[in-house]
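Chemist: Given the sequences, and given the hints that come with them, work out the whole structure.
Going from the sequence shown to this note's numbering is simple: count from 1 and add 795.
In short, the hints are calculated from the structure, not lab data. Ideal Cβ positions, reconstructed from N, Cα and C, are used throughout, including at glycine. Check before you lean on any hint, since a few could be wrong.
Label pairs and their in silico Cβ distance ranges [what the hints assert, rightly or not]:
1) Val1234 / Gly868: 29 to 37 Å
2) Gly1281 / Leu1143: 41 to 49 Å
3) Ile1236 / Pro1206: 23 to 31 Å
4) Thr1074 / Val902: 32 to 40 Å
5) Arg1255 / Gly904: 48 to 56 Å
6) Ser869 / Trp1051: 17 to 25 Å
7) Trp1051 / Ile1270: 45 to 53 Å
8) Ala1546 / Ala839: 57 to 65 Å
9) Arg1144 / Ala848: 43 to 51 Å
10) Ile1236 / Trp870: 54 to 62 Å
11) Gly1239 / Gly868: 57 to 65 Å
12) Asp1438 / Ile1270: 52 to 60 Å
13) Ser869 / Gly1229: 46 to 54 Å
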Amino acid sequence: MDTSATPTTAPLGEKTEPGRFRNGTRRVAAAFTRVRPEVWVLVALSAVLNLWAIDQNGWANEYYSAAVKSMSGSWHNFLFNSFDQAGVMTLDKPPLAFWVQALSVRVFGFSSAAILIPQALMGVASTVLVYDLTRRVFGRVAGSTAGLVFALTPITVAIFRHNNPDALLTLLSVAALWFVVRGFEDGRTRWLLLAGLMVGLGFETKMSAALMLLPALALAWIWVAPGGSRLRAFWQLLGAGAVMSVAALAWPVLVWLTPEGSRPWVSGTSDNSIWSLITNYNGVGRVSGQAGGPGGMGGGPGGGGGISVFGGDTGLFRLIGSTLGGQIGWMLGLSVAGGALVAIQSRLRRNDPRTGWVIATGGIFLTIAVVFSFASGIFHPYYVAQLAPFAAALCGAAVAGLISVKGNLRPLTIPAIALAVVGEIVVIFNTDSGYGWLVPILIGSGIAAAVVLARFDDQRLRTFAACGLTGVLMIVPAIWSVQTLGHATSGTFPAGGPSSQSMGGGPGGMGGGPGGMGMPGQSGSSSTQGGFPGMPGSSGSSSQSFPTPPTGMTPPTGMAPPGMGTGNFPAMPGQSASGSGTGSSSGTGSFPGMTGGPGGGMGGDGGQDLSSAIATAEANGGGNVAVSGQQTASGSIIEGTGDSDVEIVALGGFSGRESEVDVGWLAERVKDGEVRWVLASDQGTSPADGRVGSSELMTAVTQACEPVQLESSGTDSTTTGASAGQQSGTASASSNGTDSTTDSNVIYDCAGKASALAAQ
796 MDTSATPTTA PLGEKTEPGR FRNGTRRVAA AFTRVRPEVW VLVALSAVLN LWAIDQNGWA
856 NEYYSAAVKS MSGSWHNFLF NSFDQAGVMT LDKPPLAFWV QALSVRVFGF SSAAILIPQA
916 LMGVASTVLV YDLTRRVFGR VAGSTAGLVF ALTPITVAIF RHNNPDALLT LLSVAALWFV
976 VRGFEDGRTR WLLLAGLMVG LGFETKMSAA LMLLPALALA WIWVAPGGSR LRAFWQLLGA
1036 GAVMSVAALA WPVLVWLTPE GSRPWVSGTS DNSIWSLITN YNGVGRVSGQ AGGPGGMGGG
1096 PGGGGGISVF GGDTGLFRLI GSTLGGQIGW MLGLSVAGGA LVAIQSRLRR NDPRTGWVIA
1156 TGGIFLTIAV VFSFASGIFH PYYVAQLAPF AAALCGAAVA GLISVKGNLR PLTIPAIALA
1216 VVGEIVVIFN TDSGYGWLVP ILIGSGIAAA VVLARFDDQR LRTFAACGLT GVLMIVPAIW
1276 SVQTLGHATS GTFPAGGPSS QSMGGGPGGM GGGPGGMGMP GQSGSSSTQG GFPGMPGSSG
1336 SSSQSFPTPP TGMTPPTGMA PPGMGTGNFP AMPGQSASGS GTGSSSGTGS FPGMTGGPGG
1396 GMGGDGGQDL SSAIATAEAN GGGNVAVSGQ QTASGSIIEG TGDSDVEIVA LGGFSGRESE
1456 VDVGWLAERV KDGEVRWVLA SDQGTSPADG RVGSSELMTA VTQACEPVQL ESSGTDSTTT
1516 GASAGQQSGT ASASSNGTDS TTDSNVIYDC AGKASALAAQ
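Modeler: Below, the structure is given as structure tokens:
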């Protein structure tokens, strides 16, 4: 009798395991045993780099951490991406990255680990995908090289240890390419649909940044037409586009269809429209500059001349310049060489498996590189993390190409190697990194590799030469990546490398940040002192070299590159702005600016002592307190207000200048009880910035609402930030200029003043 199907009797107290589940676990176990050893090495390396001492980063970007806390406590705030717990204003980014963090916080509790560990795991997953999408076409050596280069790119280490949304954007970008590479193998539509889904989710993470993948992916699919005909490929692309559109527009449409009174104000806009956030602030403004933006940014007073205030000189060599080179530029020469070499070897023939890969990967690399090189709008160095996986994949392809090159193409190894070596040497000198001693070694290794690859056929020898050269090229980026673990990667601007590269330090007036350009002939009467208010963060310093303004454009006082600037950005009345920036400048402009020299960028919580405002609100019947900028409120939201029912909300966007909130809208919030108190200030605008921000709103508040003397909170008036271990800086700021329109010792009570506000 056949007893193969007869179930066995389980021991007493145990349940029989369903066969389907047992088979499933066996398949999973088998899959793990099939994982190649180099993958485990890459996973371990990436995990160590991303997770080691991650708690030292504290709340990282407190602007986002504050929002995650608000979103984790209310499903309404979660759905609408609310910055504050009262649900008054959103973040200026789409919600997907913060949904991931908020869900983690709901499960594990509000802590920096709950926020940052998911980010680190995204880095591990990205490393594996970079390995696999390269291995599938070029083999294990190339895949291992690609994964290693990606894991050891300084900016990727920094960004996966931080809570900025670029971590998820990078993962989704790699996943989109991986699905397309899988689709090249069998032409199945499902792979392309999944790629479209990844791009759509990327749009929900950082909007237009995700769309840079589309031209190359579409071109590669049409060119190769893996399904057989280009007509079929076209219909497949339409299907993928539909999936992408649904994923990308689901949340914006939800916001659009929700009545304005039932959702927060869309931060970064002046009309409370999600479409304005997409097309302007997170669209055109990122490339060509915000209209009336800050000096030094494209489109603003003092802007132009090829200078972007944070990313260095715009132009062809921006990515290997002093600002970005140390973050991404070390291996870019090899990346370019790899793309060119594979394109030549494959001759872009449809039936060559390398063709679709190089069009897709190289096309994405080229698109992002060009956009980042010439973007004159809002551009921060950590944006280049999105370029890293494609640059790393091309490095892996370069190694495979150098090993396999044959016949009359062998002479191509010489310019390819020269490009890789010269590219790194340029970055070494541009970053003044102290690794000049490596230059002779680089040159010697390049010559040796060129000789071997041009003259010898032995595959082992050729592999050793190509991998050896790549190893030498990776010495400095590997050192920089490890050095990233030795200091806090916190604040607004994460950066890899030694602590001198960190732009996201503790409270300060953007010390160590890039300088902008002055407006010749501009004069100012303000004698305000103090640093630009920022969010709390760990103490940082910066010796980074930033672009020098063109001839005749003298940096305004304090708006100079590190080591060149004195002068301070105007502080808000009654605030104490912590900062440690120093420097000197011979500039002639009297335009107030940001502190130069060492110190963290956009650190501190604005230095505004909100405890007095909270105490005043409590003593007078409670109600939420509104401030002009979200960065000012971040520390208080993270710390909480203790047993008080008072909550802190913000009205003017990140710094108080991004959102020109309508007075009528505020009147409705006052009427509904969402806002009662307003701590008015001049942060909503500045002489450097043509944007009105919350300044007009604050003026209306001072005219319509009742001033109340601030209570003493019994705490030190200098606020240095939230979170243990993140406070730094003691310098206080005072405002004794003649341009202040508000009394720094009062808070405005708007209870019952909704009609008066609406009449303004």
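Chemist: None of the hints should be skipped; say for each whether it holds.
Modeler: Hints, one by one, checked against the model:
no. : hint                          : verdict
1   : Val1234 / Gly868: 29 to 37 Å  : violated (54 Å)
2   : Gly1281 / Leu1143: 41 to 49 Å : holds (45 Å)
3   : Ile1236 / Pro1206: 23 to 31 Å : holds (24 Å)
4   : Thr1074 / Val902: 32 to 40 Å  : holds (35 Å)
5   : Arg1255 / Gly904: 48 to 56 Å  : holds (53 Å)
6   : Ser869 / Trp1051: 17 to 25 Å  : holds (21 Å)
7   : Trp1051 / Ile1270: 45 to 53 Å : holds (51 Å)
8   : Ala1546 / Ala839: 57 to 65 Å  : holds (59 Å)
9   : Arg1144 / Ala848: 43 to 51 Å  : holds (49 Å)
10  : Ile1236 / Trp870: 54 to 62 Å  : holds (57 Å)
11  : Gly1239 / Gly868: 57 to 65 Å  : holds (59 Å)
12  : Asp1438 / Ile1270: 52 to 60 Å : holds (55 Å)
13  : Ser869 / Gly1229: 46 to 54 Å  : holds (50 Å)
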